[in-house]
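Residue numbers (this note's numbering), protein chains in the order written: chain D, 1 to 251; chain G, 1001 to 1313.
Worth double-checking, as some hints may not be accurate.
[Claimed, not checked] Where chain G lies over chain D, by a calculated footprint (3+ residues, C-beta under 8 Å):
hint: 1; region: 89-102
hint: 2; region: 159-169
hint: 3; region: 222-233
[What the hints assert, rightly or not] DEER-style ranges, computed between Cβ atoms:
hint: 4; chain 1: G; residue 1: L1197; chain 2: D; residue 2: L243; range: 43 to 49 Å
hint: 5; chain 1: D; residue 1: M13; chain 2: G; residue 2: A1010; range: 25 to 31 Å
hint: 6; chain 1: D; residue 1: A5; chain 2: G; residue 2: D1199; range: 26 to 32 Å
hint: 7; chain 1: D; residue 1: P107; chain 2: G; residue 2: R1137; range: 26 to 32 Å
hint: 8; chain 1: D; residue 1: V168; chain 2: G; residue 2: G1048; range: 25 to 31 Å
hint: 9; chain 1: D; residue 1: A242; chain 2: G; residue 2: N1115; range: 39 to 45 Å
hint: 10; chain 1: G; residue 1: D1199; chain 2: D; residue 2: M13; range: 22 to 28 Å
hint: 11; chain 1: G; residue 1: R1137; chain 2: D; residue 2: T59; range: 47 to 53 Å
hint: 12; chain 1: D; residue 1: V168; chain 2: G; residue 2: A1186; range: 55 to 61 Å
hint: 13; chain 1: D; residue 1: G40; chain 2: G; residue 2: S1140; range: 30 to 36 Å
hint: 14; chain 1: G; residue 1: G1030; chain 2: D; residue 2: K247; range: 54 to 60 Å
hint: 15; chain 1: D; residue 1: V168; chain 2: G; residue 2: D1065; range: 50 to 56 Å
What the hints contain is simulated information worked out from the structure, not anything from laboratory work. Cβ atoms here follow ideal geometry from the backbone N, Cα and C, with glycine treated the same way.
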Amino acid sequence: MSTFAPAPGRAPMRAILSSQIRMELLLTARRGEAVVLAMGVPLLVLLGAGLFDVTNLPTGDRLGYVVPGVLALTVMSTAFTGQAITTGYERSYGVLKRLGASPLTRPGLLLAKTAAIAVQIVVQILVLALVGLAVGWRPEAGAVLPALGVTVLAIAGYSGLALLLASVLKPETTTGAATLIYVVMLSVGGIMFGAPDLGVAGWFLLPLAAHAEALRETLMHGGPVPVGVWLALAAWAIVWPALAARKFRWE
Amino acid sequence: MAGLMVGGDAAAVEVRDVVVRYGDTTAVGGVSLCLPRGRVLALLGHNGAGKTSLLQVCEGFRRPDGGEARVLGLDPVGDHDALMPRLGIMLQAGGVYPWATAGEILRLFASFAANPLDTDMLLDRLGLRKFERTRFRRLSGGEQQRLSLAVALVGRPELVFLDEPTAGMDTEARHTTWQLIEELRADGVSVLLTTHLLDEAERLADDVVILRAGRVAATGTPAELTSAAAIEVLELRAGPGLDLTGLGARWTAAETTPGQYAISGALDTAGLAEVLAWFASAGADVTAVNTRRRTLEDVYLSLTTPTPVGAAQ
């Protein structure tokens, strides 16, 4: 009997990636706080601020104002907050190191994580949009493509900052910093109530405000994305991933 | 030190003059070793002797600050992606999702391999079947170690790196693991393991490399290391008060307690015969004879601690 006779080899990359993506999604679903952050908070904001006069909004169309903001918030919570916290802990547990030293490989692991984030965001946006439609949200359909474009830029920028934080900070500090940034962005990002207008500079500082503004312009008014928003989100999508690529640590 | 294997397949592991530094500290100060295919090599040493650092170089987690490592003929850093499917790696701790269950983790790594082992068989063999649905963080240290071992083996690797494979295991699990490693060797898998357990090295290893402060203190088979001094001490019981000067210069003899003699020196077969003949010629009535050989522990301690322990009689 030779149970352990060597027969090494890598499974097809597609099979490897799909089982890793499944594991990432399974573990996300299993972490209660991640689910609350990803779905609970956005739903609460959507229904609370969208349906009731609990906050002052610069418009009478409460759902028209709140739903695009909530979509932007969800993208941030998954691509930035959730990802920073998870990656920080996975690094400290040695998971990144171990998986990078498996047939999955490091690029494979990054690809799987990115795909898992994308799957989550698509599901979240669909659920929130459907809930919004069910309670009376009536978006403009004409400018969906630019809305998707700024969303992709936002995801890239958030992911870059998340991976950067997880690489340079301890996991506890990463969690604290990511949560703090989430709360600050939520407060001044113009999601639940009209934010102070900081002009174009504000969009560079607060990508959530920029993203939310772009989604409102497109989905609420059917208009174009302001040039300043394109520039701000493009800057985020270039600077943070570039820094993360330089600083990223596997262990 | 075994030399480069010429022709045929490259050695499983070939390390030449490897240096690893952490800031000003030199963890590995120029180590060379060779693990031929299908053999088990144990890196033996105290904590901090450089075992794990050396292993990390072989696993491609660290680029050496000097020297070179070749694993299955490849560069562990540069050929990382080509090498990984052929290796089984067991880290000293961690490396898996704390929130995933033992079964999920093992099946994940199995799904990475072209010809994985049967995961149920592995769980059974390592006594983990009843923990299949237990999350990793709820497992005991020894159970986590066994799962890490299963993860290292599931892809049918041709070479495995085991960092302190039985640390934290109870006696039963340790013996199970030893049997498994012996089976790996019998099936042609090359094994490089670190340990500070002498019985583990003595039982499992074809070759032992003793590391001390980042350097090779001794190397050889367990038998070579222990038999280098053959019989070290001959103890005899006879009448008290014998004048031992007649034994001459080839032996050191002492009456440790009245009637109890300890002789060291030339104690090969001819030497033993001469010593006994001298006692007979002295008219002594020898009532007990005992020989003491050096154990791997004596060798290890004499090499790794400042005062040679074997000298005390």
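Here is how each hint holds up against the structure:
1. 89-102: holds (count 8)
2. 159-169: violated (count 0)
3. 222-233: As far as the region 222-233 of chain D goes, the hint is violated, because 0 residues have Cβ atoms under 8 Å from chain G.
4. L1197(G) with L243(D): 43 to 49 Å: holds, 45 Å
5. M13(D) with A1010(G): 25 to 31 Å: For M13(D) and A1010(G) the Cβ distance comes to about 26 Å; the hint holds.
6. A5(D) with D1199(G): 26 to 32 Å: This hint holds: roughly 28 Å between Cβ atoms.
7. P107(D) with R1137(G): 26 to 32 Å: holds, 28 Å
8. V168(D) with G1048(G): 25 to 31 Å: Since the Cβ atoms of V168(D) and G1048(G) sit about 28 Å apart, the hinted range of 25 to 31 Å holds.
9. A242(D) with N1115(G): 39 to 45 Å: holds, 40 Å
10. D1199(G) with M13(D): 22 to 28 Å: violated, 43 Å
11. R1137(G) with T59(D): 47 to 53 Å: Once the Cβ atoms are compared, 48 Å apart, the range 47 to 53 Å for T59(D) and R1137(G) holds.
12. V168(D) with A1186(G): 55 to 61 Å: At 47 Å between Cβs, range violated.
13. G40(D) with S1140(G): 30 to 36 Å: Hint holds: Cβ distance 34 Å, inside 30 to 36 Å.
14. G1030(G) with K247(D): 54 to 60 Å: violated, 32 Å
15. V168(D) with D1065(G): 50 to 56 Å: Distance hint for V168(D), D1065(G) is violated at roughly 24 Å.
Of the hints listed earlier, those the structure fails to meet are numbers 2, 3, 10, 12, 14 and 15, in rising order.
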